[in-house]
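Spelled out from the first residue to the last, the chains are:
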Amino acid sequence: MERASTKGVLGHLSLLETQMRSCRGKHQQLNRTEQLKAKVEALCVQKEQLKVELHTLQRLQKVRSTLDGNGADDEMDDDSENADILQLMAKCARLKDLLHAHHLIGGYDVVKTRQDKGLCITLTTAYEGIYLDTYHLEMDLSPKLRISRHDIPPFIPLNSLVETTTQTALRPFLDFLSQHLNAFTGRKQQLKLVKEQHKSVEVMESNVLCSVLVLLVRVPERKLPVLCILDYTDHSRSLPTGVKFECDDEPPNFEQWKKSCRILLERPVHKALITMKSLGCIV
Amino acid sequence: MNDPGKCLLKRVIRRIPANMLKTTLSHWGRVSDAQLQSVDFTTSKWALTEKLLNICEENELTVKHVTELEMIHVIDYPNLGMWYAFQLFDPDDAAPSVDMTQFKEQFKFHLSKLMRNVSVKIKKHTDEAIWIRVAWGDGFSRPNHMKPTYVVHHLQSSYVFVTRLTSKLKPLLSQALVLSTRYQGIKDANLSGRNLAALRNLLMRQYQQVFSTKFSTPLAEKSENISNPQIEREQAESATKRHQMACEAFGDGVLPQLQSAVYKLETKFRDHNNKTMTDREEPFKCIVKFTSTNLLESLRHCASSGIASTPVTPLLSSVPVKGRNYFVITDNVPGSSSQTNRPQK
Amino acid sequence: MSLLKPFSKLPNINTASILLVESEEHLQQSLADVLVEESSITVNVRLAKSLPLPKENDKDRPRIDLVVFIINLSSEQSFISAEASLKYLDPGYFLGKVCFMVTSARSAAVPTERMDAVRKLAASLHSPLLFAEHQTSEGVAAAAERLLGILKVSAGVVPMTTALYLSNLTRCTLPTDIEQPSFD
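Sequence lines, in order, name chains A, E and X. Start counting the first sequence at 1; every next residue gets the next number (the numbering used here). Start counting the second sequence at 1001; every next residue gets the next number (the numbering used here). Start counting the third sequence at 2001; every next residue gets the next number (the numbering used here).
Same shape as in the complex, but just chain A:
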């Protein structure tokens, strides 16, 4: 109080005001807790009542279902015409769902933007049934079809893709781009899986485009290190186009390595490594 008086009349007044406010707040709080407690009790009683009701209802239903167990089938036959229509409607709904599903997964997802002046295309990528990154393209429709904004990483040669596919055909361009993106995310995912699943294999080198992959594998005899160089020259595929082995000491078992080469060319790298392990080519 003494402190307030030094600040003058206005200070004192504001102090009183805050005191009043806090006082009212406390009072209110007490009131409120009492109210809430009463409400809790009331709700508990209601809950018990509802439980009992539900129980009786369930028992009643059980009894009823045992009584007219096969009466339902007869009813269906009586109303056969009605049932046909219902079935057709169900089929129609199913087809509509399928169509929608196709739109979501098979087709490209296109949305109009900016008062129908633009399009926004969503490209989803997946690898082995797992959805990975989603990419978007925003296009201007007039005066001519043009990409105005996108979030595709710059190392995907978008411009050259636009040039190679004609301006008029949007679908081939999208197919091509989608293939490219799927291949890229596929390679990235493979690399991730290799790092996760194969602790004995060392990833020596890779790049942002995941187009070069250098792995250090070890041969069972003498734990000899061998460099395995995978080259993904065709960027629209997630499988390598070239495989090379390099070894410092001596030329490795020729036949065996040729076989390994074939495995690596045919299968995703993380799976190929599993096969090679089971064949005993590497540890």
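Possibly wrong hints are sitting among the right ones.
Claimed, not checked - Think about it this way: if two alpha-carbon atoms lie no more than 20 Å apart in a straight line, the pair counts; the simulated EDC-like pairs of lysine to aspartate or glutamate are:
(1) E:K1241 - X:D2033
(2) X:K2152 - X:E2025
(3) E:K1010 - E:E1068
(4) A:K199 - E:D1127
(5) E:K1241 - A:D116
What the hints assert, rightly or not - If we take Cβ atoms under 7 Å as the criterion, some of the chain E residues that face chain A in the derived model are:
(6) L1155
(7) R1205
(8) F1211
(9) S1212
(10) V1321
Don't read these hints as lab results, they were simulated from the structure. Glycine included, every Cβ here is placed at the ideal spot set by N, Cα and C.
Given the structure of chain A, go ahead and fit chains E and X onto it with the hints provided.
Then chains E and X, alone, in the frame of chain A:
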């Protein structure tokens, strides 16, 4: 160790924060564990430097080894200087298959051909980035390790980030880069900033961009938070629309940290009330500069709070869309310079 | 042009509605949070950036008993926006159902002319002018207390007084020092 080496070591030790010194030194690997144990890291930097100088003498380390230490430090703390982005264009057929060893050899070879006394150090960082440290000398003097240029490049990405490069040496570095990455040319990407990761994220589009899609975005879900039923926003709809537009223009979440955006205007002065200025033939030159600790987030806030009008003007949204923060704006006269960014309205 | 009218709707029992207009939206939300905690009456708060209010909300908007224009003195835009919004109010509001609230008045960077302009505006519209501290929670609570006082009267829940009567006592009057033209 000679004098330049000592100088460099002193400077590097001075720059590394005291709490990081031990880890950085062990990372360096030129000082044995026993020697590291003998150093008391709680003493002053000056005493520490003396001790480390002795250890380096003992291990017969040279300037070359000290530059490694500097590189480790710069990789850990890249945001100390101004970084400039450059873009490589027109890749050769061989460009996609250039690998690290090839690049390393080629770069060193081409640069040493262009300049006699030059010291190059190349290191691959864990995130696939290639870090290059170039210490320049000239025809007669030895490389000056006190003023090195740092270059960061991701193979196959067409962007190069450079710091501490003088304009005299730019053509040399450019040529070496172009030849070793198998591109036809290199140009200024008109993007600069103090935060290297931000520049990289902006150009590689590694930040959360917003597009309008059919699916409800996290953006829409976020805005549906429950509030007191007694409080109602009258213009909530237009506010969410503004926010959506702002996020579409600049991105959502944490945005790359840019410090400035510069617009150089070279347009004719247009004002009907001011005849003397409007009638002048030559363009009215001025520079508009926006600065902020995080420019993109500031701009986004301006647009979403309604201070700046929406849809966002292309002049501002060009910063994230084109990935540059230096623009020259000229009048859009047919057949004028190709620098025209956008007609001034 | 849709005018906001003070008596176009029926009031609800023991309820008061207040409209906070602020172009920056700094103080609005925190002030609203304090206002709805009032226990003696139900307070409905509507927030807006500027007037006119969107037509689609007309139906479920309660009768607005008090319109508060919050002006941040450190920004010119804030004043201009409030001034522009005024013309979307029915003249009936100016019989004691409008008030102005000024923030950042203590900031040294504020030009005195702007303060004078706000004062003149409030005085010419016979409305009270309040000052608020928006950076501290005590300041917001105090501002809410002041507004509640006026709101209760203008909503008609305080017996024996009316908004018009109160406004005669609380309205901003122009101090002589800025009104008087100099004689030199």
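So, going through the hints one by one against the coordinates:
1. Taking the CA atoms of E:K1241 and X:D2033, the gap is near 24 Å; set against the 20 Å cutoff, the hint is violated.
2. For the given pair, X:K2152 sits about 24 Å from X:E2025 by alpha-carbon distance, which is inconsistent with the 20 Å threshold.
3. This hinted pair checks out: E:K1010 and E:E1068 have alpha carbons roughly 14 Å apart, not beyond 20 Å.
4. Taken as a hint, the A:K199 and E:D1127 pair is honoured in the structure, with Cα atoms around 19 Å apart against an allowance of 20 Å.
5. At roughly 17 Å between alpha-carbon atoms, E:K1241 and A:D116 fall within 20 Å of each other, so this suggested pair holds.
6. For E:L1155, the suggested interface contact is upheld, since its CB lies about 5 Å from the closest CB of chain A, less than 7 Å.
7. Residue-level restraint check for E:R1205 holds (minimum Cβ-Cβ distance to chain A is 5 Å; threshold 7 Å).
8. Interface restraint check: E:F1211 against chain A, minimum CB-CB distance 4 Å, threshold 7 Å, status holds.
9. Residue-level restraint check for E:S1212 holds (minimum Cβ-Cβ distance to chain A is 5 Å; threshold 7 Å).
10. The interface hint given for E:V1321 is met, as the beta carbon of that residue sits about 6 Å from the closest beta carbon of chain A, less than 7 Å.
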